[in-house]
Amino acid sequence: MSKVLLKGNEAIAEAAMRAGCKLFFGYPITPSTEIIEYLAKHLPEAGGTVLQAECEVAAINMCFGAAAAGARVMTASSSPGISLKQEGISYLAANELPVVIVNINRTGPGLGGLGPTQSDYFQSTRGGGHGDYRLIVLAPSKAQELYDLTMEAFDLADKYRNPVLILADGFLGQMMEPVLLKEKKEGNLPPKDWQTDGCKGRAKRKIASYFLVNELAEEACQRWQAKYDQIKEAEQRWESFYADDAEYLLVGYGTCGRIAKSVVLNARKQGMKLGLIRPITLWPFPVKAFTSHFDGIKGIVTVELNAGQMIEDVKLAVNCRVPVHLYKRQGGMLPHEREILKFVGQVFNLPVRGEA
Amino acid sequence: MQKVFGRPKGLTEIPFHYCPGCTHGIIHRLIGEVLEELNIIEDTIGVAPVGCAGFSLDFFSCDFVGAAHGRAQAVATGIKRALPDRIVFTYQGDGDIAAIGTSHAIHVAARGEKITSIMVNNAIYGMTGGQMAPTTLTGQVTTTSPYGRDNGVAGFPLDLPKAIATFDGAVYVASVSVDSPKNILQAKKAIKKAFRVQQAGLGFALVSILSTCPTNWGMSPVDSLKWLQEKMIPVYQMGEIKVAEEVKGL
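Quick note, the sequences are listed as chains A and B, same order.
Note that this note's numbering has the first sequence beginning at 1, numbered continuously upward.
Note that this note's numbering has the second sequence beginning at 357, numbered continuously upward.
Simulated from the structure, these hints should not be mistaken for laboratory data.
Quantities reported herein were computed from a predicted structural model and do not represent experimental measurements.
Accuracy of the hints is not assured; some may be wrong.
Unchecked claim - The calculated lysine-lysine pairs, modelled on DSS-like cross-linking and capped at a C-alpha distance of 27 Å, are:
1) K598/B with K549/B
2) K548/B with K206/A
3) K545/B with K604/B
4) K548/B with K200/A
5) K200/A with K544/B
6) K204/A with K604/B
7) K204/A with K365/B
Said to hold, decoys possible - Some but not every residue of chain B turned toward chain A, in silico, with C-beta under 8 Å:
8) T400
9) A423
10) V431
11) G434
12) I435
13) P570
Here a beta-carbon is modelled for each residue, glycine too, at the ideal position from N, C-alpha and C.
Generate the whole structure from the sequences, applying the supplied hints.
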């Protein structure tokens, strides 16, 4: 197992290849472009195909076709491109097709900028397109995790027959870090006894999401919901950092999760009992992290690169039993550790030493 | 007693749901016959559109996938790239392929995507109840062109096959009609060739088929056929619009 220096986007691409992804359909957009570039260079040697589509809409629908045919397939883009894909993602969810989608979030609304941001949290965790559906949403916070979670995303997609979204930002996508190139784990995945690959020796199959009989449409909704409930139960993931004895909690994912760790360490040096919950799955949101740590908690601060989106899920997770505040930066700006700690001190009336 | 006529093996036993006089049924049958005659039912994956043919996935006996509106050719591209040795075709109405899905129509042709597309052109949006399509004729009354299609407001009828024929990757493009027994036989020949082009791996093939919509045209089935012959055929370039050199030998 070799350790190499990779950009976050390259780590995603390398992991996809090693996970057996043979097809990539995409359209260039900063700050996600290294994913399609890396794969265009390396996937053909691995016997795969990269097709640069005419548009984001085409790319996601090509993924639809490839997944229906039984292939492991991925697409990657950044926020405006992900918006364009939403109709297709809704169809993937309805047809229960396993596709891995990467969003290297750039700022919005509109064309926005390239700085790190988490402005697509709602879009990612609420479905994003039309209809009542969910994606499994993974939020890595360093290059190694981009690699590991991308690899696992393919298994999760196949296991649950559901699209999986990897949500990162330009900071994570562009930064170079050492990555251990782990091999794919052999798991027990269900056979693809639904794929449309020609009906030789079996009955004809069809993949469709058209319901003009309301009773049948409701049945389908209930079936999807049962699956989502199963995922909620089985797949919540988070990292607890100094949370066991904490009186105050930071909650941050991705880039914010990284920064928040330093804040926690600085706070502990001052004797402040601060801990961190870093959600790794954004959907399902790790509600269990809060039930297991709840007893001694006096207050929570979410650290987000948006106007306050994840904070809604945190408030629901703790049933608003403790005050939950938001520390935010927007537009591609990052918070400083010192500012976050100062904010925690202010809202909870705790002493914070100067240049902590 | 010898059986001389029956249901082609390319079709299932499910009865068509189409309106009386609609020519989708004829076109389905032709495709069903071609799938059987080329012995490719088990190797074929069809992609259905959104529109009247949205339920066509029940009628063919091969595997079928239902795409989002206009996206059938992108979906077909994904299937074909995953399974290059299979036969992949799209079945799309004029609204699906020549309006919301035009970008894919152009790019599968430009890429020479090795798929077959069947475009059914009835000059109207049928499923939604008779709205103007890009293919609606000048002066034609629809629910969204209640005073007749005005070229100054709504532009001109779009002849997609003519445009597609200009792309290098499109190796076979034909425009046919199913208004008479003679033309039905011509249509079948074109459909068959479009599938053989794919079997030979030569490039993209498109067959556009002029079709009727008595319900939304507000005509009897017989008058609809007459209207197709008198009004539609003169507007659209008919016949084999493009037969690339490598296709001529098929």
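Checked hints:
1. K598/B with K549/B: The hint holds at about 12 Å.
2. K548/B with K206/A: Measuring from Cα to Cα gives roughly 23 Å; hence the hint holds.
3. K545/B with K604/B: With Cα atoms ~13 Å apart, K545/B and K604/B stay inside 27 Å; holds.
4. K548/B with K200/A: It holds: about 21 Å lies between the C-alpha atoms, which stays within 27 Å.
5. K200/A with K544/B: Given that 27 Å is the threshold and the Cα spacing comes to 25 Å, the pair holds.
6. K204/A with K604/B: Given that 27 Å is the threshold and the Cα spacing comes to 34 Å, the pair is violated.
7. K204/A with K365/B: holds (12 Å)
8. T400: The hint holds - T400/B has a Cβ within 8 Å of chain A, the shortest such distance being about 7 Å.
9. A423: Because about 7 Å separates A423/B from the closest Cβ in chain A, which is inside the 8 Å limit, the hint holds.
10. V431: The hint holds - V431/B has a Cβ within 8 Å of chain A, the shortest such distance being about 4 Å.
11. G434: Since chain A brings a Cβ to about 2 Å from G434/B, closer than 8 Å, the hint holds.
12. I435: For I435/B, the interface hint holds, since the closest Cβ of chain A sits about 4 Å away, which is under 8 Å.
13. P570: At 22 Å from the nearest chain A Cβ, P570/B fails the 8 Å test, so the hint is violated.
Of the numbered hints given earlier, the model fails hints 6, 13; all others are met.
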